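Undergrad: Spelled out from the first residue to the last, the chains are:
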Amino acid sequence: MTAARTFELAGAPHLPPTSTVGGVMRQVLYSLVPAVLAHWWYFGWGIFFQIALAVGFALVFEAAMLKARQRPIKLFLSDYSAVVTGVLFALCMPPLAPWWIAAVGMLFAIVIAKHLYGGLGYNLFNPAMVGFAAVIIAFPIDLSNWLTPRQLSPGLPGLGETAYAIVTGQLPAGLAWDAISQATPLDALRTGVQDNFSVVEIRDHPMFGDFGGLGWEWIANWYAIGGLWLVYKRVISWHVPIAVMLTVIIVSAPMWLLGPDIHPSPAQHVFSGALVLAAFFIATDPVSGCSTMRGKLIFGAGVAIITLGIRRFGGFPDGVAFAILLMNMIAPLIDRYTRPRTYGHRR
Amino acid sequence: MVAALLTLALMSLLIGIVLLWLGQRFQPDENSVVEQINAVLPQTQCAQCGYPGCRPYAQAIAAGDADINQCPPGGQAGVQALADLLGTEARPLDEARGLHKPPIVALIDEDRCIGCTLCIQACPVDAIIGAARQMHTVIADECTGCELCLAPCPVDCIDLVNRPEPFYVWPAPHILPIRVRAS
Amino acid sequence: MTDPLPGERLFSFPGGLRLRHNKKISCETSLAAATLPDRLYIPLGRSRGEQGELLVAAGEAVLKGQPLTRAEHDFQVVVHASTSGTIAGVVDWPSSWPPGRTHPCLELVSDRSDQAADPLPLGNWPTADPQVIIDHLREQGLAGLGGAMFPTAAKLRGDWPALDTLILNGAECEPWISCDEMLMRSRPEAVIEGALILARAIGAGRVVIGIEDQMGAVATALTRARRELDPDDTIRVIKVTTIYPEGGERQLIQVLTGREVPHDGLPQDLGLVCHNVATAVAARDAVIEGSPLIGRVVTVTGPGIRNPRNLVARIGTPISHLIEQAGGYTDDVDRLILGGPMTGIALASDDIPIAKGSNCILALVTEQLQHSQPTLPCINCGECVRVCPASLLPQMLFKAIASDQHELADELDLFDCIECGCCAQVCPSHIPLVDYYRHGKGELRLKDLDQRRATLARRRFESREQRLAREQSEREARRERRREKLQAPNEAKSEIEAAIERARQKKQ
Numbered sequence: 018m019t020a021a022r023t024f025e026l027a028g029a030p031h032l033p034p035t036s037t038v039g040g041v042m043r044q045v046l047y048s049l050v051p052a053v054l055a056h057w058w059y060f061g062w063g064i065f066f067q068i069a070l071a072v073g074f075a076l077v078f079e080a081a082m083l084k085a086r087q088r089p090i091k092l093f094l095s096d097y098s099a100v101v102t103g104v105l106f107a108l109c110m111p112p113l114a115p116w117w118i119a120a121v122g123m124l125f126a127i128v129i130a131k132h133l134y135g136g137l138g139y140n141l142f143n144p145a146m147v148g149f150a151a152v153i154i155a156f157p158i159d160l161s162n163w164l165t166p167r168q169l170s171p172g173l174p175g176l177g178e179t180a181y182a183i184v185t186g187q188l189p190a191g192l193a194w195d196a197i198s199q200a201t202p203l204d205a206l207r208t209g210v211q212d213n214f215s216v217v218e219i220r221d222h223p224m225f226g227d228f229g230g231l232g233w234e235w236i237a238n239w240y241a242i243g244g245l246w247l248v249y250k251r252v253i254s255w256h257v258p259i260a261v262m263l264t265v266i267i268v269s270a271p272m273w274l275l276g277p278d279i280h281p282s283p284a285q286h287v288f289s290g291a292l293v294l295a296a297f298f299i300a301t302d303p304v305s306g307c308s309t310m311r312g313k314l315i316f317g318a319g320v321a322i323i324t325l326g327i328r329r330f331g332g333f334p335d336g337v338a339f340a341i342l343l344m345n346m347i348a349p350l351i352d353r354y355t356r357p358r359t360y361g362h363r364r
Numbered sequence: 022m023v024a025a026l027l028t029l030a031l032m033s034l035l036i037g038i039v040l041l042w043l044g045q046r047f048q049p050d051e052n053s054v055v056e057q058i059n060a061v062l063p064q065t066q067c068a069q070c071g072y073p074g075c076r077p078y079a080q081a082i083a084a085g086d087a088d089i090n091q092c093p094p095g096g097q098a099g100v101q102a103l104a105d106l107l108g109t110e111a112r113p114l115d116e117a118r119g120l121h122k123p124p125i126v127a128l129i130d131e132d133r134c135i136g137c138t139l140c141i142q143a144c145p146v147d148a149i150i151g152a153a154r155q156m157h158t159v160i161a162d163e164c165t166g167c168e169l170c171l172a173p174c175p176v177d178c179i180d181l182v183n184r185p186e187p188f189y190v191w192p193a194p195h196i197l198p199i200r201v202r203a204s
Numbered sequence: 004m005t006d007p008l009p010g011e012r013l014f015s016f017p018g019g020l021r022l023r024h025n026k027k028i029s030c031e032t033s034l035a036a037a038t039l040p041d042r043l044y045i046p047l048g049r050s051r052g053e054q055g056e057l058l059v060a061a062g063e064a065v066l067k068g069q070p071l072t073r074a075e076h077d078f079q080v081v082v083h084a085s086t087s088g089t090i091a092g093v094v095d096w097p098s099s100w101p102p103g104r105t106h107p108c109l110e111l112v113s114d115r116s117d118q119a120a121d122p123l124p125l126g127n128w129p130t131a132d133p134q135v136i137i138d139h140l141r142e143q144g145l146a147g148l149g150g151a152m153f154p155t156a157a158k159l160r161g162d163w164p165a166l167d168t169l170i171l172n173g174a175e176c177e178p179w180i181s182c183d184e185m186l187m188r189s190r191p192e193a194v195i196e197g198a199l200i201l202a203r204a205i206g207a208g209r210v211v212i213g214i215e216d217q218m219g220a221v222a223t224a225l226t227r228a229r230r231e232l233d234p235d236d237t238i239r240v241i242k243v244t245t246i247y248p249e250g251g252e253r254q255l256i257q258v259l260t261g262r263e264v265p266h267d268g269l270p271q272d273l274g275l276v277c278h279n280v281a282t283a284v285a286a287r288d289a290v291i292e293g294s295p296l297i298g299r300v301v302t303v304t305g306p307g308i309r310n311p312r313n314l315v316a317r318i319g320t321p322i323s324h325l326i327e328q329a330g331g332y333t334d335d336v337d338r339l340i341l342g343g344p345m346t347g348i349a350l351a352s353d354d355i356p357i358a359k360g361s362n363c364i365l366a367l368v369t370e371q372l373q374h375s376q377p378t379l380p381c382i383n384c385g386e387c388v389r390v391c392p393a394s395l396l397p398q399m400l401f402k403a404i405a406s407d408q409h410e411l412a413d414e415l416d417l418f419d420c421i422e423c424g425c426c427a428q429v430c431p432s433h434i435p436l437v438d439y440y441r442h443g444k445g446e447l448r449l450k451d452l453d454q455r456r457a458t459l460a461r462r463r464f465e466s467r468e469q470r471l472a473r474e475q476s477e478r479e480a481r482r483e484r485r486r487e488k489l490q491a492p493n494e495a496k497s498e499i500e501a502a503i504e505r506a507r508q509k510k511q
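These protein sequence lines are chains A, B and C, in that order.
If you want the numbering used here, it's the 1-based position in the first sequence plus 17.
If you want the numbering used here, it's the 1-based position in the second sequence plus 21.
If you want the numbering used here, it's the 1-based position in the third sequence plus 3.
Bear in mind the hints are in silico, worked out from the structure with no lab data behind them.
The structure presented is a predicted model; accordingly, all values stated were derived computationally and were not measured.
Incorrect hints may have been included.
[Said to hold, decoys possible] Straight line, CA to CA, 30 Å or less: simulated DSSO-like cross-link-like pairs of lysine-lysine:
hint	chain 1	residue 1	chain 2	residue 2
1	C	LYS509	C	LYS496
2	C	LYS488	C	LYS510
3	C	LYS510	C	LYS496
4	C	LYS402	A	LYS91
5	C	LYS402	A	LYS84
6	C	LYS450	B	LYS122
7	B	LYS122	C	LYS402
8	A	LYS250	C	LYS496
9	C	LYS450	C	LYS402
10	A	LYS91	A	LYS250
11	C	LYS242	C	LYS27
12	C	LYS509	C	LYS488
13	A	LYS250	C	LYS402
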């Protein structure tokens, strides 16, 4: 008989892990690629600068906070969560927004919303949306300067002009805001309805495209396709996106049927603003959302209803960010009351 | 002016009466408070608190004579539980009365025991059996580890050993160092 | 509305995982008996309550199958000598549970003759009283062979309403393990006969054998054996969908009947009893052959084993002895596991003996483990919620236990966790969730024990106080009487005179 061999002890299960946080986050990034390309096609080079700026600031703040909190820097930077926050924030920025907006947004997102709450996994609010809410309150003018999509624009700013505008905060000589920018479809709709135009009249403008807004609706489509891929890969569950979309349609359809003059169509609601992005990529953020299945449905429905409310009554053109932040607040409560029935227990 | 003053005076009078009545009506039952405090105490009966057992200590707390941090076997968790029960502020354990130790039981070295019965008389929970000039032994399951039997023993034949841990105790998993120390 | 008969319609359970099976590699070599080791370490119960009275002393010679302990009630499992030889004594030997600790074992030195004691079959079992069958199974040392080693007699006898169905669990859901599959393939008749015996013991009119839907050969063998041996047509062989953990007792019952075992109850409350197929075979051997439970099929497998296979091993055989017969370890072996990869226990050494519940020895190599995977904070992703077969909220349980809020974990039904490991497997942050649940359960049980000890101590303290007070008052009453007597001069005088009188008489 050979001498006894000794082995290391470890807890079950003894199988290689099926997924990692970094892997999940990377898949989210991959699925955003088509939408980013569509963004570039309709609105020019700005999106690449915005992404680079936001991700750069996000990583710098993340590393600084990890260092200050004495956490392993390399380990947490490689989970890609800061990168995802940066990219989602950048996707909500106007293409020519000056660089300090990204800096301020990421300061709020990473330093305040994430690390002051305890870092990865402990943040109560979605960091990207906290950053967005901060800058839309601090820089309302800069954030309303949206470019006119390629098809309607006299000429999108080139690479150099975009860089100049972002670095200095001013348009290069020869370009004027009036010429290259226009209100977003949601903005135009809101001011139009306030000026007593009917929705049908307002929508005559070519910027409204087929359903939601020229350019916007195609970017939204690519978001949806990336999101469906994530659902298929089981990175996100179907509950939140379906709940958001269905609730928007169910709530807005009867209003549109009763008063088509003052209420936009459900398609308009779905395809404009950041609704599809939010439904698939932001409201599905696990940390600040719900984790029970029924909780996810309620969370998504809540986001949709609050968004519609803000679009109709609020002072901001799109309320998705605030809707998500408001729902983040009650997500733990929803989780508590939607506990599934345990095996062998009666409800 | 006068009407206002009168109204206010009347209101405070009424509220005062109601509060008084409520205070009488819902006066905490002295005995039930002692019971509740006693239920939180670890029942080691070691007298380290300065009272001859857990119930006397509970009575002293209820009467306001004793502080809640005098029970070493209960440890800081016990102080916290008392503070929660009584709605007061938790305070650090009074370590002058003893340190919080892991659970122990007394074990009599039966070869050295001379059968003097002194430890039997000292045991607050009657967990030692034996008779005069007969060897004594500790019922380990009923021993609270109060150490009161140590002092009276003339031949020092009682040792304190760690209480055997039940087999189902699983160690707390430690996960990777989330915090990296600078040093 | 009447419930459908078990197995008539299949139901599903929430959650679960589809895992890679890896069962084939240990099924390629046919089932063979392992050779006898020189020394066996037969595990005894943990406490006297589990162990029963020891019948042998060190130095005593025993025959194979001779009982070594006696059971006083149904919860004690009799152990028998696995081979003939000499008892060397009771030793504390490395054990699998709790990891890294020891367990009392009877050391038996084999004399290599393997001489058997007289078999004690129960010939008239088809007409025997069920109580007689259960007593017989208890004497033959039957315990659940699925892994939990629950005393079989205690599962068959109890005061519950009439039992109508016996479920035999042949759905071996964990990857790598194939001992039940190989047993059913090589001894289908024994499974059927064992099923009939157990059904007789509980008075059940129906038997359902649940197997996985990919065990085609098993289904054919069992159906053929059933046709020959089951004239009354009481047995059904049902294939269930392979989703881990469908072989868990509660999950299998849910799949077959659509009903859930109450959280504070037993399958018996539903009129069901669930046994492992290997237990049925052991019952058949005990009743028809008269041979006690001294061996079982063990799967020795994994990438860390040279020739993975199934072996019939005697209880008490050290694991290292079985590994040798499976070709030994490969060079890069890294972890030794008792049981499957999902719920198995990592072993500290291969000295540990085979017990009645040891179904599989799994040796894994480095690249299959998650050594270098750091644990990140929980990101609340809800994957664990999706896969939990008990519909718990694993991430909330984890947070409660990690922050020492064990009562909160109890409220979140921690004790309904079956420790299947699905949640830990899918966790992207690689949190050892099952370890946390075990820790939490242990802490809660410990707290409960402390509470009970405190109640006991309080009661004993109070009764001592009463006793002391009584003694004190008695002493005082006595003193009082004496004082009264002394104060009454006549009486005192007469008493003194009486004492003088007594003294005088003594002198004379």
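Undergrad: Decide, hint by hint, whether the structure agrees.
TA: Results for each hint:
1. Taking the CA atoms of LYS509(C) and LYS496(C), the gap is near 20 Å; set against the 30 Å cutoff, the hint holds.
2. Among the hinted pairs, LYS488(C) with LYS510(C) is consistent with the structure: their alpha-carbon atoms are about 27 Å apart, no more than 30 Å.
3. As the CA atoms of LYS510(C) and LYS496(C) are separated by approximately 21 Å, the hinted pair is consistent with the 30 Å bound.
4. Distance check on the hinted pair: LYS402(C) and LYS91(A) sit about 25 Å apart at the alpha-carbon level, within 30 Å; holds.
5. Between the alpha carbons of LYS402(C) and LYS84(A) the distance comes to roughly 25 Å, so the proposed pair stays at or under 30 Å and holds.
6. This hinted pair checks out: LYS450(C) and LYS122(B) have alpha carbons roughly 16 Å apart, not beyond 30 Å.
7. Restraint check for LYS122(B) and LYS402(C): the C-alpha separation of about 27 Å stays at or below 30 Å, so the hint holds.
8. Between LYS250(A) and LYS496(C) the CA atoms are separated by roughly 109 Å; this puts the pair beyond 30 Å, and the hint is violated.
9. About 19 Å separates the Cα atoms of LYS450(C) and LYS402(C), which keeps this hinted pair within 30 Å; it holds.
10. Proximity of LYS91(A) to LYS250(A) is assessed by CA-CA distance (about 27 Å); at most 30 Å being required, the pair is judged to hold.
11. Only pairs whose Cα atoms come within 30 Å are accepted, and LYS242(C) paired with LYS27(C) is accepted, the gap being roughly 18 Å.
12. Only pairs whose Cα atoms come within 30 Å are accepted, and LYS509(C) paired with LYS488(C) is accepted, the gap being roughly 25 Å.
13. Among the hinted pairs, LYS250(A) with LYS402(C) is consistent with the structure: their alpha-carbon atoms are about 27 Å apart, no more than 30 Å.
The structure shown violates just one earlier hint, number 8.
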